[in-house]
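Colleague: Using the sequences and the hints, build the whole thing.
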Amino acid sequence: MKKKEKKEERKDFSEQSFPKRDPSAEKQLVGKTSQLLSLHALAMPLLALSATAAFCYFASPIVVPLVAAVSCAFILSPAVSFLKKIKIPHLLAVVIVMLIAVGIFFAIIYLLGQQLQSLAVDLPSYLEGLTKLSVDLKERAGVIQERFPNLIPDIENLEVKPSALTDASKYLFKGISSAVSFLFSSFLIIFLTFFILYDQEIFRKKLARAFGKSQEGVTQDILLEINNQIRGFMVVKFIVTVALTVVFTVGLLLLKVNYAYIWGPLAALLNLIPYVGSFIGAVPPIIVAGIQTKAVMP
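Per the working numbering, residue 1 is the first one in the sequence shown, and the count goes up by one each step.
These aren't lab readings, by the way, just hints derived from the structure by calculation.
The following label-pair restraints were derived from C-beta to C-beta distances:
no. : residue 1 : residue 2 : range
1   : PHE279    : SER81     : 30 to 40 Å
2   : PHE279    : HIS90     : 42 to 52 Å
3   : SER278    : LYS206    : 36 to 46 Å
4   : PHE82     : LEU255    : 30 to 40 Å
5   : THR131    : LEU47     : 44 to 54 Å
6   : LEU119    : LEU66     : 27 to 37 Å
In silico DSBU-like cross-links for lysine-lysine, where the CA-CA straight-line distance does not exceed 35 Å:
no. : residue 1 : residue 2
7   : LYS84     : LYS206
8   : LYS205    : LYS87
9   : LYS205    : LYS85
10  : LYS237    : LYS85
11  : LYS237    : LYS205
12  : LYS206    : LYS87
13  : LYS237    : LYS256
14  : LYS256    : LYS132
15  : LYS237    : LYS87
16  : LYS84     : LYS205
17  : LYS85     : LYS206
18  : LYS84     : LYS237
19  : LYS237    : LYS206
Quick caveat, the model's predicted, so the values are computed rather than measured.
Just so it is clear, CB atoms sit at the ideal spot from N, CA and C, and this is done for glycine as well.
Modeller: This is the structure in structure tokens:
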């Protein structure tokens with residue numbers, strides 16, 4: 001009898017201490033927990049992305065030149081390695097590569113500056129031609145609308161406002177006026193690129209030592225492999241962009257399109273934008289060619 005009483009007392013104690021849970025309540029608790037976890041998993045990447053975007057925005061005067069300098073260092077690094085293979089000292093190899101790169105860079109800037117000056121002078125005539133082109137398109141669209149009324153229902157809205165064209169010229173002159181700040185950024189990029197090229201081996205060794213002396217050899221191999229992969233990607237992108245610049249510029253010169261030295265490099269750079277970059281880069285030379293040759297005008 002005593003044993004039965006003890007068992008009943010234990011059951012009562014266990015029921016009081018650990019009451020049975022409703023299965024539906026447990027499911028609700030699990031559902032709420034999973035929702036909180038999913039919200040947490042979604043919120044953390046968004047917060048990290050927002051923080052990164054804010055940092056890049058406020059630190060852009062430092063981040064942009066630094067990223068550009070690192071990219072230039074990856075592109076020029078194979079040339080430095082080649083000069084070192086033919087027994088040229090490291091410092092002299094870096095100086096030679098930097099002098100050649102800076103000379104090419106400023107030659108391109110000078111050529112583009114001349115083209116932009118000519119474009120600024122001729123811009124009013126191009127804007128006038130674009131206005132005439134819009135009027136001509138409106139007249140042609142009116143003829144099409146008479147034959148096919150449902151094809152172009154809002155023909156009155158097809159126009160290019162002269163005020164918008166004047167604003168475009170203002171934006172162009174603002175872009176030219178910002179050339180001074182661009183030159184300052186260029187000198188900062190050149191300065192940083194030189195020291196990255198000169199001290200890249202030291203950076204790699206210091207970074208490898210930061211992971212511990214016991215793993216220094218393995219870390220250096222990993223860093224070297226990462227460096228080679230990134231350098232290969234950057235060099236290939238650079239070569240493709242240069243090749244496209246040459247092809248586009250030569251093609252526009254053969255077609256006798258004005259300011260080919262502007263539209264060719266611009267189209268090549270915009271080609272780096274996936275999917276839509278090629279179409280955007282083709283718009284300016286097509287408009288200039290249409291106005292210049294009056295191919296679409298009677």
